[in-house]
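With positions in the sequence shown counted from 1, the corresponding number in the numbering used here is that position plus 525.
Hints are not guaranteed to be accurate.
To be verified - Heads up, simulated BS3-like pairs for lysine-lysine below, C-alpha to C-alpha not over 25 Å straight-line:
id: 1; residue 1: Lys-623; residue 2: Lys-650
id: 2; residue 1: Lys-652; residue 2: Lys-620
id: 3; residue 1: Lys-609; residue 2: Lys-652
id: 4; residue 1: Lys-651; residue 2: Lys-623
Stated by the list, open to error - Beta-carbon label-pair distances, calculated as ranges:
id: 5; residue 1: Lys-650; residue 2: Lys-609; range: 39 to 45 Å
id: 6; residue 1: Val-649; residue 2: Phe-581; range: 48 to 54 Å
id: 7; residue 1: Glu-628; residue 2: Pro-578; range: 43 to 49 Å
Source of the hints: derived by calculation from the structure; they are not laboratory data.
In this text, all values refer to a predicted model and were calculated from it rather than measured experimentally.
Quick reminder that beta carbons are idealized off the backbone N, C-alpha and C, glycines included.
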Amino acid sequence: ATHSVISSVFASCITTTPTLLDHAPEFIYHGSLPGRSMQIILLCKHPIVSEFPDVFPDELPGIPPVHEVEFSIELIPGAEPISKAPYRMAPLELKELKDQLQELLERGFIHPSVSPWGAPVLFVKKKDGSMRLCIDY
526 ATHSVISSVF ASCITTTPTL LDHAPEFIYH GSLPGRSMQI ILLCKHPIVS
576 EFPDVFPDEL PGIPPVHEVE FSIELIPGAE PISKAPYRMA PLELKELKDQ
626 LQELLERGFI HPSVSPWGAP VLFVKKKDGS MRLCIDY
(Lines of atoms letter the chains of each structure in order from A and count residues from 1; the text may use other names and numbers.)
(Lines give C-alpha, C1' and ligand atoms only; values in the text may rest on other atoms or scores of the structure.)
Protein backbone atom coordinates (compact mmCIF):
# COMPACT_ATOMS: atom_id res chain seq x y z
CA ALA A 1 0.00 0.00 0.00
CA THR A 2 1.23 3.46 -0.82
CA HIS A 3 -1.39 5.41 1.13
CA SER A 4 -2.78 5.33 4.64
CA VAL A 5 -5.93 7.18 5.57
CA ILE A 6 -6.87 8.13 9.12
CA SER A 7 -9.32 10.68 10.42
CA SER A 8 -7.65 13.87 11.55
CA VAL A 9 -9.80 13.68 14.67
CA PHE A 10 -8.01 10.52 15.81
CA ALA A 11 -4.60 11.17 14.26
CA SER A 12 -3.30 12.98 17.31
CA CYS A 13 -4.31 10.29 19.81
CA ILE A 14 -3.64 7.04 17.96
CA THR A 15 -0.43 5.40 16.79
CA THR A 16 -0.91 3.30 13.67
CA THR A 17 1.62 1.10 11.89
CA PRO A 18 0.31 -0.67 8.75
CA THR A 19 2.31 -3.77 7.78
CA LEU A 20 2.06 -5.71 4.49
CA LEU A 21 2.28 -9.48 4.99
CA ASP A 22 3.80 -11.74 2.27
CA HIS A 23 2.70 -9.39 -0.53
CA ALA A 24 -0.90 -10.41 0.06
CA PRO A 25 -3.74 -7.95 0.59
CA GLU A 26 -3.55 -8.51 4.33
CA PHE A 27 -2.83 -5.57 6.57
CA ILE A 28 -2.30 -5.62 10.30
CA TYR A 29 -2.92 -2.35 12.08
CA HIS A 30 -1.33 -1.93 15.47
CA GLY A 31 -3.06 0.90 17.26
CA SER A 32 -3.56 2.11 20.74
CA LEU A 33 -5.50 4.87 22.36
CA PRO A 34 -4.26 6.45 25.58
CA GLY A 35 -5.29 4.24 28.50
CA ARG A 36 -6.32 1.28 26.33
CA SER A 37 -4.55 -1.92 25.41
CA MET A 38 -3.04 -2.68 21.99
CA GLN A 39 -5.48 -3.86 19.33
CA ILE A 40 -4.49 -6.01 16.34
CA ILE A 41 -6.89 -6.36 13.43
CA LEU A 42 -6.28 -8.60 10.42
CA LEU A 43 -8.43 -6.98 7.76
CA CYS A 44 -8.60 -9.92 5.33
CA LYS A 45 -9.99 -12.09 8.14
CA HIS A 46 -12.74 -9.59 8.97
CA PRO A 47 -16.16 -11.20 8.25
CA ILE A 48 -17.32 -8.37 5.98
CA VAL A 49 -14.14 -8.47 3.87
CA SER A 50 -14.35 -12.27 3.59
CA GLU A 51 -18.06 -12.22 2.74
CA PHE A 52 -17.75 -9.63 -0.06
CA PRO A 53 -14.36 -10.20 -1.76
CA ASP A 54 -15.54 -8.59 -5.01
CA VAL A 55 -16.14 -5.28 -3.21
CA PHE A 56 -12.66 -5.10 -1.61
CA PRO A 57 -10.01 -5.10 -4.39
CA ASP A 58 -6.53 -6.59 -3.91
CA GLU A 59 -4.83 -3.37 -5.04
CA LEU A 60 -6.14 0.13 -4.51
CA PRO A 61 -5.48 2.60 -7.35
CA GLY A 62 -5.05 5.47 -4.88
CA ILE A 63 -7.07 7.83 -2.76
CA PRO A 64 -10.40 8.66 -4.41
CA PRO A 65 -10.87 12.25 -5.62
CA VAL A 66 -13.02 14.67 -3.68
CA HIS A 67 -16.40 15.02 -5.40
CA GLU A 68 -18.39 18.19 -5.01
CA VAL A 69 -22.11 17.47 -4.92
CA GLU A 70 -24.46 20.21 -6.03
CA PHE A 71 -27.99 19.98 -4.71
CA SER A 72 -30.79 22.17 -3.50
CA ILE A 73 -33.73 21.60 -1.22
CA GLU A 74 -36.85 23.54 -2.06
CA LEU A 75 -38.77 23.68 1.21
CA ILE A 76 -41.50 25.99 -0.05
CA PRO A 77 -42.00 25.88 -3.84
CA GLY A 78 -41.28 29.25 -5.43
CA ALA A 79 -39.97 30.88 -2.24
CA GLU A 80 -37.63 33.83 -2.85
CA PRO A 81 -34.89 35.05 -0.49
CA ILE A 82 -35.95 37.92 1.73
CA SER A 83 -33.90 41.06 1.29
CA LYS A 84 -33.12 42.56 4.67
CA ALA A 85 -30.29 44.82 5.79
CA PRO A 86 -27.69 43.12 7.99
CA TYR A 87 -27.55 43.93 11.68
CA ARG A 88 -25.42 46.99 12.36
CA MET A 89 -22.13 46.27 14.11
CA ALA A 90 -19.66 48.43 15.94
CA PRO A 91 -16.19 48.54 14.32
CA LEU A 92 -14.83 46.32 17.11
CA GLU A 93 -17.55 43.70 16.46
CA LEU A 94 -16.94 43.86 12.70
CA LYS A 95 -13.23 43.19 13.24
CA GLU A 96 -14.06 40.29 15.60
CA LEU A 97 -16.46 38.89 12.97
CA LYS A 98 -13.76 38.98 10.28
CA ASP A 99 -11.24 37.35 12.65
CA GLN A 100 -13.61 34.56 13.73
CA LEU A 101 -14.76 33.87 10.15
CA GLN A 102 -11.14 33.70 8.97
CA GLU A 103 -10.29 31.24 11.78
CA LEU A 104 -13.33 29.06 10.97
CA LEU A 105 -12.38 29.08 7.27
CA GLU A 106 -8.77 28.09 8.03
CA ARG A 107 -9.89 25.26 10.33
CA GLY A 108 -12.28 23.94 7.67
CA PHE A 109 -15.42 24.34 9.79
CA ILE A 110 -17.05 26.61 7.20
CA HIS A 111 -16.58 27.29 3.51
CA PRO A 112 -17.60 30.17 1.23
CA SER A 113 -21.19 30.03 0.05
CA VAL A 114 -22.90 31.48 -3.01
CA SER A 115 -26.38 30.79 -1.68
CA PRO A 116 -28.88 33.63 -2.07
CA TRP A 117 -30.14 32.72 1.41
CA GLY A 118 -28.30 33.90 4.47
CA ALA A 119 -28.69 34.43 8.19
CA PRO A 120 -27.81 37.47 10.26
CA VAL A 121 -25.08 37.16 12.86
CA LEU A 122 -24.57 38.89 16.17
CA PHE A 123 -22.25 38.64 19.15
CA VAL A 124 -22.95 37.82 22.77
CA LYS A 125 -20.33 38.74 25.34
CA LYS A 126 -19.09 35.77 27.38
CA LYS A 127 -18.22 35.89 31.09
CA ASP A 128 -14.52 36.09 30.26
CA GLY A 129 -15.11 39.16 28.05
CA SER A 130 -14.62 37.40 24.71
CA MET A 131 -17.34 37.43 22.07
CA ARG A 132 -19.44 34.41 21.04
CA LEU A 133 -20.58 34.40 17.42
CA CYS A 134 -24.32 33.65 17.17
CA ILE A 135 -26.21 32.99 13.96
CA ASP A 136 -29.83 34.12 13.97
CA TYR A 137 -31.55 31.33 12.01
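Tested hints:
{"no.": "1", "hint": "Lys-623 x Lys-650", "result": "holds (16 Å)"}
{"no.": "2", "hint": "Lys-652 x Lys-620", "result": "holds (20 Å)"}
{"no.": "3", "hint": "Lys-609 x Lys-652", "result": "violated (31 Å)"}
{"no.": "4", "hint": "Lys-651 x Lys-623", "result": "holds (18 Å)"}
{"no.": "5", "hint": "Lys-650 x Lys-609: 39 to 45 Å", "result": "violated (24 Å)"}
{"no.": "6", "hint": "Val-649 x Phe-581: 48 to 54 Å", "result": "holds (50 Å)"}
{"no.": "7", "hint": "Glu-628 x Pro-578: 43 to 49 Å", "result": "holds (46 Å)"}
Violated hints, listed in ascending order, are 3, 5; each of the other numbered hints is respected by the structure.
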